[in-house]
Amino acid sequence: MTDGRGPNGSVEGAAEAPAVDLSVDLAPTNPRELRMANPIIAASGCFGYGQEYAGVIDVQRLGAFVSKGVTPEPRRGNPMPRIAESPAGMLNAIGLQNPGIRGFVKKYPRLWATWRVPALVNISAESVEDYAMMAAVLDEQPGIAGIEVNVSCPNVARGGYCFGWDAEMSAEVTRAVRAATTLPVIVKLSPGAVDVVGVALAVEEAGADAVSLINTLVGMAIDVKRRRPVLANVTGGVSGPAIKPIALRMVYQVAAAVRVPVIGMGGIMGLEDALEFFLAGASAVQVGTAIFAQPGMVIRLIDELEAWMVKEGVGALAEIVGGAQPANGRSEVGAGAPDLVLGAVAAG
Amino acid sequence: MVDLEVRTDLGVGATAPEDDGSVVRAREFTSEVIAVEPAMGDSLLLTATAPESMVRQLRAGRFFNILCRVDGSYDPLLRRPYSVFRADPAASTLTFLVRPYGRGSAWLAERSIGATLDLFGPLGNTYDIAPRARHLLLVAGGVGAAPLVMLADEAVRRGLSVTFAMGAATAPGLLEPSLLPSEVEYVVATEDGGKGHHGYVTDLLPDYARWADQIFACGPEPMYRSLRSAIEPHRVGGKPPVQISVEREMACGVGACLGCVVETRRGMRASCVDGPVFDLDEVIW
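Line by line, the protein sequences give chains B and A. Count along the first sequence starting at 1, add 36, and that's the number in the working numbering. Count along the second sequence starting at 1, add 9, and that's the number in the working numbering.
Because the hints were derived from the structure by calculation, they are not lab data. Errors might be hidden in some of the hints.
Said to hold, decoys possible - What the simulated footprint calls covered on chain B by chain A, stretch by stretch (three residues with Cβ under 8 Å from a Cβ of chain A suffice, anywhere in the stretch; the number is not a length):
1. 106-120
2. 123-136
3. 234-248
4. 326-335
Claimed, not checked - Quick list of in silico lysine to any residue cross-link-like pairs, SDA-like style, CA-CA up to 20 Å:
5. B:Lys347 <-> B:Val294
6. B:Lys143 <-> A:Met277
7. B:Lys261 <-> A:Pro229
8. B:Lys142 <-> B:Pro178
If you're wondering where the values come from, they're calculated on a predicted model, not measured in any experiment. Beta carbons: idealized from backbone N, C-alpha and C, even for Gly.
Could you put the whole structure together from the sequences, leaning on the hints where they help?
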């Protein structure tokens, strides 16, 4: 026995019978549950429909993955250019290119039903009725472990105002989806909301099994030579390590306020980033942009998390979730009252 | 034939990729720089190690996404796509043509012998020489020469007749003739008239359009537009067919992000898996 590492650098026994419990149920009050072997999820928009990475990494080892956003009708997406790099990050304005819910169900649920990894479907729509329609269609499909509702879309009935910026509109979508399916429902929160905690509380009340955050922040880049915006869509979503501190702050605030599981994401590039999100109160994390650059990292992260837990004597992930929250006596701000926490964070 | 194993592999019960000897799947691997030589004026040829079986099965047109930052840095965040300039199975190496013009390529151009690189690939499809083609016309614009040099190597090995037409702004920007197989006919054009034809490489094409059984091109998008107008009057029924390699901003390289799409007559196609090689007549500009 040397240092406990196998010939390929992985921790011995990491793949078999874990010495520590990495499992998590993201829908504990839903009879259908959302049980995952570990808390590492590949994020929507960064993992296609899973099959794109199936020949590259061991997709089946993931805690779960979230599909690219599906819409009621097929979408061609935005004109090019759709992506641009930004400092330690990137901008994207893909425009939800996808085959539409009907094209989607013909292809992927049957494939995923043969997979071990739980598949979550991300849905986007421009009306409450369309969200509900898609949830009802997905409810009858095999191979689907849950739905992630992207509320960062314009509400056509309200003049294009983003659903996710408003607590009541987000709650309305959540109620409609909840009524249309018994599948676990995760609502993906928009960082564009003035009061993200208010939105989180509203969707929890409306029946969300979990919340995930943050979606991308809206940004832009300008080509100085052409004196024009780089993206054909002008604006795009900023992701990557550049947004991590903002994401972490929002996860910390939301986790302090809601009782449902929180899924944290935003710029996670490795173990230390993931641990920060767990300590902020996330029960699971999503990895997105990092996969574009280093696909293998998302699998290594599972092994590294397990090795870290063994080393630190953490028997179950739940022991560290929210560990940095004031309620756990490990923070100096707020003294345990969520409203004071928010005030302190905002002022600080 | 175009191999699209990344896209068509449904990965049922997929495990970590194994080299089964028939398909080269994309993988991340560590590579060592073993040679750096100046080329084409401000560019350089960077030769790095790769698994022998991968190098042996590689075909022209495929590319690798190279991480252009040191461990622990997140900037620049995304990998940079590089077509293979030359593949040497005996040495188990790949050579890339690097022109420093952005943050990623500038970083890559500063690597010296012994440096470690993080490669992801091989990615994308390939140029496809038709079984009955005898005369090939290769049209290169600037650093677009890279995949065509590998294609010239392939064609010469198959005993085909190759004309390599290259254009650059000035003479130093042209590919050194010694970098091409000696069997290749090499014709050049420079915008300032410093060497060869005074003008664009596409001006040279009408003379060859009827001779060629197939045309293969790689260069900037404006070159493809002038290529089309230059050869169109000489084509009959879409012949000779033209394969072009498109360059797009790219993130994932495996068809997941849809950031690099090309509009074609068959809809939006991801240039990383459905390309980078497309039929010129398929692409809608």
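Status of the hints after comparison with the structure:
Here the segment 106-120 of chain B counts 7 residues with a CB under 8 Å from a CB of chain A, which clears the bar of 3, and the coverage holds. As drawn, the segment 123-136 of chain B meets chain A at 7 residues by the rule of a beta-carbon pair under 8 Å; at three or more, the given contact holds. For the segment 234-248 of chain B, the stated coverage by chain A is not satisfied: 0 residues place a CB nearer than 8 Å to a CB of that chain, which falls below the threshold of 3. Counting residues of the segment 326-335 of chain B whose C-beta sits closer than 8 Å to any C-beta of chain A gives 6, which meets the bar of three, so the coverage hint holds.
A C-alpha spacing of about 30 Å is found between Lys347 of chain B and Val294 of chain B, which places the hinted pair above 20 Å, so the restraint is violated. This hinted pair checks out: Lys143 of chain B and Met277 of chain A have alpha carbons roughly 18 Å apart, not beyond 20 Å. Proximity of Lys261 of chain B to Pro229 of chain A is assessed by CA-CA distance (about 17 Å); at most 20 Å being required, the pair is judged to hold. For the given pair, Lys142 of chain B sits about 11 Å from Pro178 of chain B by alpha-carbon distance, which is consistent with the 20 Å threshold.
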